[in-house]
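Chemist: Residue numbers (this note's numbering), protein chains in the order written: chain A, 1 to 227; chain B, 1 to 661.
If you are wondering where the hints come from, they were derived from the structure by calculation, not from laboratory data.
Calculated Cβ distances over 12 Å to all of chain B for the following chain A residues: (1) LEU3; (2) ALA17; (3) VAL43; (4) GLY63; (5) ALA66; (6) LEU69; (7) ALA86; (8) SER101; (9) ALA177; (10) ALA181; (11) ASP195; (12) ALA213.
If you only want the chain B side, here are some residues facing chain A, beta carbon under 7 Å, derived: (13) LEU645; (14) PHE649; (15) SER660.
Pair ranges (Cβ atoms, derived): (16) ILE202/A / TRP267/B: 51 to 59 Å; (17) ALA32/A / VAL164/B: 42 to 50 Å; (18) ALA32/A / ASP24/B: 45 to 53 Å; (19) PRO185/A / LEU168/B: 34 to 42 Å; (20) VAL188/A / TYR644/B: 24 to 32 Å.
Where a beta carbon is used, it is the ideal one built from N, C-alpha and C, also for glycine.
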Amino acid sequence: MSLDGLATQLLALSTGALLLTAALLVWRRSLAAAARLLAVQGVALAALVVSIAAAERDAELLGVAAVVLALKGVVIPLVLGRGVRATGVDRENALRVNPTSGLVGVTLLATLAYLVSRPITQATAGIGGTAAGPAAFAVPVGLTMVLVGLLLVVTRRRALSQLVGFLVLDNGIATVAFLTAAGVPFVVELGVSLDVLLVALILAVLSGRLHAALGAVSVDELNELRD
Amino acid sequence: MTAPLVAQLALALVAVLAAVAAPDRIRGAVAGTATLATAAAGAWAGVLALGGATGALEVPSALPGVVLRLAPDRLGGLFMLVAGVVGAAVAVYAIGYAHGVTASRTQWAALPVFLLGMQLVPAAGDLVAFLLAWELMAGGSTVLVLAEHSRRAQTREAALWYAVTTHLSMLAILGGFAVLAAQTGATDFAGLAAADPRSAAASLAFVLLAVGFGTKAGVVPLHVWLPRAHPEAPSHASAAMSAAMVKMGVYGLLLVTLRLLPGGPTWWAAVLVGVGALSAVYGILQAAVASDLKRLLAYSTSENVGLIVLALGMALLLRDEADAPASLALLACLLLVVSHAAFKTTLFLGAGAVLRATGERDLDRLGGLAHRMPWTTAAFGLGALGAAALPVTGGFVAEWTLLQAMIHAAEPGERVVAATVPLALGVIALTAGLALLTFVKAFGIAFLARPRSLGAETAREVPVGMRVAMVASGVAVVGLGVAPGPVAAGLAQAVGVDGVGSAGLGGVTLDGVGAVLDPVALAVLSVAVVLPAIVASAVLARRRPRTVGAPAWGCGRIRTSPRMQYTATSYAEPLMRVFDDALQPTRDIEVTHVAESQYLADRVQYSQRVDDVVEVRLYAPVIRVADRVADAARRVQNGSITRYLAFAFAALVVVLVVVSR
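Take the sequences, apply the hints, and build the full model.
Modeler: Next comes the structure, spelled out in structure tokens:
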């Protein structure tokens, strides 16, 4: 198989993995499992970048892939895992929506994403290059991840679960960026990823402190700060 | 030209870093010195630009293709100079004045940011730089107003008023510029000037910009933030805000009417004259009855800005009718700007010294400071002379020029002009009279007679640095009045007015109307007239035998107390009666009777309160409606972050559904 054929296969595999992990995150309640799934998602994202790098013959993108792998595949899940151990509570026991209806929601959102992305797919198909090929048809995956991330943020009550949702959202944005722009400059990706790491760190520490101060960390209880 | 611009940017950065990094003990000295250097660089740039130097500094921004262009013209140079000189005086003063909460890291960092913003507003050559500098100025000054927020609820309220009005004015300015930019497709001032001033869009832009800049300038009825923010800010900040920041509003008006949209319809001028006249009279009336020293000064700012705007409107109004008086009115406008900057700096710094020494701002609790604080008294006296527009101060020269312009605008052809000029003359006369009364009150009650409170009794003169700043600005007030010739000639250059020259020892000649003012000669002449009279009376007095006063029967005079003196409130009482309808004070007399008989009063308490009529009648209803809307919105806003996120999520999905159809 040629390099391009391999790249296309890898792209299909990685986007599939991204979509699958996003759906699984809605299904699973355990936070430790969520951290592992996020690691898988990070690796899949890195694989996606590698596939684009192969198709574009762009060495700089390999550096980006390394950054993505290190931060999203390793560091951020580790931070999340530490946060889970620090609070000592693993299960999200107060879901707003049960997992089954959550999965139905994911299907609906994925359908919506595919419907909405058609203009983007068509527009990028006109540009030529990788963006015109199989990548263009994977754009809805990124959009689905964004929507699923938002769904997670809205339906979970614990701070750490919401952090998971936020990270899925960010991965979705990154996926769309990689697929439509045929890669993101190294500096930009580094900056964005470090920002996300910072957010994850702050939220993990914050939820640990909240747990120490209040017991159960349900964001619902933090509604005094208004006016 | 680029060197001083770069210098002030760099020095402001140094000042902020010094404020943040320096240890408490030396923070004032280090940050203050760096702030002084920033202001000096601004003044230097101003002098160069005023002298006609050209050249621009282009600062690249984070956005591609957007460049901040700093290129002051002569007029901008004048305002940079004013901001720089005021800033320098303020920085020197602040080193001695700031202590406690006003000397925190934040406060010392906000001061150079504020001054830098103020110096860059007139330097801006395009909209992006202008608006950025404008917001720096607004942000820095808001932080300064907030200095004492943890101790005083009024400070928080004042800062809120200030922040909201500043935001609204920014919106109006942004809207006005957007209209112009949409018309011309340009964002630099040279390109914006291509808009047709007679079009409807230009009129819309003028109204929006006039509202925005008028708010910053503090003209009635957009002045409500002024009498709140100025008293609550630390005095060095109020000096900078009142003497320099409101002038940026004036600069904005000049920018719009002279540079961007010259030759607009007559009604623009009429509006400016009307608003200016209203501000002048209303401002000085409120000042005359105010008993809070800093509130009095704040309202006096409204009055002076009113006069400035009136002069500007007059210049625009007369432009088609009478060329020479129009030029003179414009010159008077700038003279008013400069002299107000000088005397209001002096007065606010003086008020700060009084506040620092006595802990009092209420005139009714001051008194007798002349003996204890001679330097402050002298400086404040000079400032008060300038504010009352008496010779030989800058204020007198400015008002004299304005009156010359208006008197010589006789035989106007147009009806609007024929009606406006005499009315405006009357307004100026009334304002001048009331200003005299106001500042006689301010100076007399605060500094003369006997102390009315313990604070005033135990006052001590302020440190040397503060004295230097006060006296220097006081000397500037007199300097502008003694040698107005060179000043006026320089200002005339800034707006391209011909026929202004020097005469004698720094006197000024106005060729267009054939008027000459030589303050030195005037002073010498009056001394020559008065001196013989003084000598004669002294000689005559000597012939009489010396009398010794000894009260045989004291009529109660032997038991006088400081409370029997005139107070600020009682001094203004006759005026209050005359203008009762306009000011609408609320009075309250509370009589406590002796328990045995209701015919005998134990104590009588009289209280009087003057609220701002504009605020009560115009703003209060608007705020009530806004509150009601906000209450309705609060039902949606329950504090749950999940709900807010759900809103965003739902909105996103709805938008996507709509888009995908």
